[in-house]
Amino acid sequence: MDYFSKEEADVIGEIANISIGSSATALNLMLGQPVTITTPVVSLVHKDEILNDYERSCVIVRVQYIQGLFGNNILALKDEDAKIITDLMMGNDGSGSYATSEITDLHLSAVAEAMNQMTANSATAMSKLFDHKIEISPPQVQSIIIKDFRFPDDIPDDLFVKIKFKMKIGTLIDSTIMQLYPFDLAHSIYKLFQRRK
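With this note's numbering, the residue at position 24 of the sequence shown is 24, and numbering never jumps.
Hints may contain errors.
Below, simulated DSBU-like cross-link-like pairs (lysine-lysine); rule was C-alpha separation at most 35 Å, straight line [said to hold, decoys possible]:
| # | residue 1 | residue 2 |
| --- | --- | --- |
| 1 | K191 | K128 |
| 2 | K128 | K147 |
| 3 | K6 | K164 |
Don't read these hints as lab results, they were simulated from the structure.
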């Protein structure tokens, strides 16, 4: 991590752990399943390497910080996990038709609703941690083909802080979820943390 000290990585990991923990509580209430999201692994990556953990496609969730912090927070989910989450949100047991079909607009809508609850809880947790109001935009969700994906022009950053979490949802999902902060945003979060001391 040439540009990123171990202390910064530890702080970002801890903050992400607190905010994603709040997100897990929200997801638990929505899905009616025990949800644990733990063990953040923090690394600094070039944008060309970000999606190397995914085989062909995945679901990308983009949330913008609009007060207190400014920048894009990006989450990536495996297709299979998005399908199971959708199936549960539709009142099934996680193995119904929504869990086995191709990703559709309905899946993206369901994931958007789940992520809206999760990221709102995350922003609230960060606001309390920093004693500084943090607000976010509603999430934008898209299904992408890895080889065709290009970051939008309004996210020009080359370096991202990648935070990978282990995610379990009942006995249905034992997977990972990935959170991405552009480097400048991660550094802003670190500075906010320093200011509260």
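Query raised in the report: Keeping to a limit of 35 Å between CA atoms, is the pair of K6 and K164 held or broken?
Result: Since the Cα atoms of K6 and K164 sit roughly 16 Å apart, the hinted pair holds (cutoff 35 Å).
Requested in this report: Take a quick look at whether K191 and K128 sit within 35 Å of each other, Cα to Cα.
Outcome: Holds: K191 and K128 sit about 16 Å apart, inside 35 Å.
**Report entry** Pair hint outcome, K128 versus K147 [Cα-Cα no greater than 35 Å]
**Finding:** It is violated: about 39 Å lies between the C-alpha atoms, which goes past 35 Å.
When held up to the earlier numbered hints, the structure conflicts with hint 2 and nothing else.
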